[in-house]
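Peer 1: Sequence:
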Amino acid sequence: MTELSRIRNFSIVAHIDHGKSTLADRLIQLTGTVAERDMKAQMLDAMDIERERGITIKANTVRIEYPAKDGITYILNLIDTPGHVDFAYEVSRSMRAVEGSLLVVDASQGVEAQTLANVYQAIDANHEIVPVLNKIDLPAAEPERVKEQIEDVIGLDASNAVAISAKSGLGIPEVLEAIVQRLPAPRGERDAPLKAMLVDSWYDAYLGVVVMIRVMDGVVKKGDRIKMMQTNAVYGIDKLAVLKPQMVDIAELGPGEIGVFTASIKQVRDTRVGDTVTTEKKGCATPLPGFKPAQPVVFCGLFPVDAAEFEDLRDAIEKLALNDASFTTEMETSAALGFGFRCGFLGLLHLEVIRDRLEREYDIDLITTAPSVIYHVHLRDGTMQELHNPADMPDLTHVDHIAEPRIKATILVPDEYLGDVLKLCQDRRGIQMDLTYAGARAMVVYDLPLNEVVFDFYDRLKSVTKGYASFDYQMYGYREDTLVKMQILVNDEPVDALSTMVHRDRAEARGRAMVEKLKELIPQHMFKIPIQAAIGGRIIARETISALRKDVTAKCYGGDATRKRKLLDKQKAGKKKMRQFGKVEIPQSAFISALKMDG
-12 MTELSRIRNF SIVAHIDHGK STLADRLIQL TGTVAERDMK AQMLDAMDIE RERGITIKAN
48 TVRIEYPAKD GITYILNLID TPGHVDFAYE VSRSMRAVEG SLLVVDASQG VEAQTLANVY
108 QAIDANHEIV PVLNKIDLPA AEPERVKEQI EDVIGLDASN AVAISAKSGL GIPEVLEAIV
168 QRLPAPRGER DAPLKAMLVD SWYDAYLGVV VMIRVMDGVV KKGDRIKMMQ TNAVYGIDKL
228 AVLKPQMVDI AELGPGEIGV FTASIKQVRD TRVGDTVTTE KKGCATPLPG FKPAQPVVFC
288 GLFPVDAAEF EDLRDAIEKL ALNDASFTTE METSAALGFG FRCGFLGLLH LEVIRDRLER
348 EYDIDLITTA PSVIYHVHLR DGTMQELHNP ADMPDLTHVD HIAEPRIKAT ILVPDEYLGD
408 VLKLCQDRRG IQMDLTYAGA RAMVVYDLPL NEVVFDFYDR LKSVTKGYAS FDYQMYGYRE
468 DTLVKMQILV NDEPVDALST MVHRDRAEAR GRAMVEKLKE LIPQHMFKIP IQAAIGGRII
528 ARETISALRK DVTAKCYGGD ATRKRKLLDK QKAGKKKMRQ FGKVEIPQSA FISALKMDG
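Take the sequence shown: its position 444, counting from 1, is numbered 431 in this note's numbering, and each next residue is one higher.
Since the hints were made in silico from the structure, they are not lab data. Careful, some of the hints might be misleading.
[Stated by the list, open to error] Simulated pairs of lysine-lysine, BS3-like, Cα-Cα distance not exceeding 25 Å:
| id | residue 1 | residue 2 |
| --- | --- | --- |
| 1 | 268 | 208 |
| 2 | 306 | 209 |
| 3 | 515 | 562 |
| 4 | 214 | 269 |
| 5 | 209 | 154 |
| 6 | 564 | 553 |
[Unchecked claim] Simulated restraints on C-beta separations:
| id | residue 1 | residue 2 | range |
| --- | --- | --- | --- |
| 7 | 480 | 348 | 52 to 62 Å |
| 8 | 113 | 413 | 30 to 40 Å |
| 9 | 373 | 238 | 46 to 56 Å |
| 10 | 449 | 139 | 24 to 34 Å |
| 11 | 538 | 367 | 53 to 63 Å |
Predicted model only: the values in this text are computed from it and were never measured. C-beta: ideal position from N, C-alpha, C; glycine also.
Can you build the whole structure from these sequences, using the hints too?
Peer 2: Structure follows, in structure tokens:
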């Protein structure tokens, strides 16, 4: 059993690429938690895709033992969190399991948008925060300026910030001392009934579902019968362990400790993040306040390129959903693409990561339809429907108005690029809410429609600011606007996979671009093919693919002109009949290219 005064639980928060995972590596290395021969860079990033993209996607935990200068050996539970806005959900729930945070700020780049977002989450969770200035060995590092920035922008006292270089290991012993001296010890009653928070769960092929908990009060031992308070399910604990990143078995977990257990749980869906775990008999009376569940904001269809792979896709999606509670799916069918799934994601990066994992880990070729957001369709009878897929739009005669989701976006940008950023936000129908300065950088707050951000806003923002802008957003509610459903008709047949919701003022430009693109992509047939963009019954743009011609008059030489005329008329009638019954084959590549052009 460990005394509470000797435990410190903390998370590392920072903007993308400011060195969270590298700092975690150094702390693990310096305390000898992992043998030198087993060390590798980004020790806690276990997934291939995390290592390849150099980002953290899942929050990971490790238990470190540290003999401090005062002669006491402390137990440090560290959670390394993601920096990307799409995984803010991972950050928020890690925060609830710990009492303090190390705020890592790059000494050359200073405070960025995500730094702010993550710090505010830590402040909401009542954390003690220790500022850490990383990369101070870079020639461009300006520690004094960045300290001022932390004080001005965030309002934290940075006078005793720890200056380090996580890459070279400079200043790491000072970080360990700061954790022990400046972060609070956890509180908890050893004799009270068991009350533990379920922080995370994942599926292991050998052990079944592994559940991570943070014990608040009481003690949990191997063999205990435990109860999940949300689902009232009862399990017997088979294995109790702590993560050093590998599992190390332990006899019991006391208050303030973080560990994992397995209990013959079949599905990750049976364990809800934020649930309270207690003992079956004499359990605690009131559960802990859980988390609000993650709300998907971006939806898109995933279809296999080869329809025969549908069952494989279903299995793969079920396995991924085991580990990722924030990813939602339902089946859908499309006339153009066959059977597939409509999936909900926390953002575009989340969508890309899931798609890459499906293609790589399960070897399935996928088509993704255009991403869309959830619209609220208010009908004339006073009811409201949620619209996930533009193809399901109800009849316009019943619709009173449509509301779209808005976000509050915070953009930090160097002064010289401010004009370009403001223009980009105005072009995307944004409403400026605030503009302030933090040193030489402007902080712009905009109210933007989410469907304008979903496609390529982030890429455009990075290109107009040469990569110097940083961007963070949160959901801001719904607002009514003049939105219409635009359909693409090929040979008078609507193609459901290409229908999108657009703003009425933009519809014509968007429709024209789409039909021009399709004209290049669809091959010629024996009959002419009209491609049209339509809103309701009104055609707003049209292109025609001309027919492949065969010279039927080649065998006529000399003689009467009416013979040629007769053959040409016969050919014309044949083409007309072909167009009536002919089916246009739209190649798969045309779909993918047409959906990509949406910027």
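Peer 1: Now look at each hint and say whether the structure bears it out.
Peer 2: Results for each hint:
{"no.": "1", "hint": "268 <-> 208", "result": "holds (14 Å)"}
{"no.": "2", "hint": "306 <-> 209", "result": "violated (28 Å)"}
{"no.": "3", "hint": "515 <-> 562", "result": "holds (8 Å)"}
{"no.": "4", "hint": "214 <-> 269", "result": "holds (11 Å)"}
{"no.": "5", "hint": "209 <-> 154", "result": "violated (39 Å)"}
{"no.": "6", "hint": "564 <-> 553", "result": "holds (17 Å)"}
{"no.": "7", "hint": "480 <-> 348: 52 to 62 Å", "result": "violated (36 Å)"}
{"no.": "8", "hint": "113 <-> 413: 30 to 40 Å", "result": "holds (39 Å)"}
{"no.": "9", "hint": "373 <-> 238: 46 to 56 Å", "result": "holds (49 Å)"}
{"no.": "10", "hint": "449 <-> 139: 24 to 34 Å", "result": "holds (25 Å)"}
{"no.": "11", "hint": "538 <-> 367: 53 to 63 Å", "result": "holds (58 Å)"}
The structure shown violates the earlier hints numbered 2, 5 and 7.
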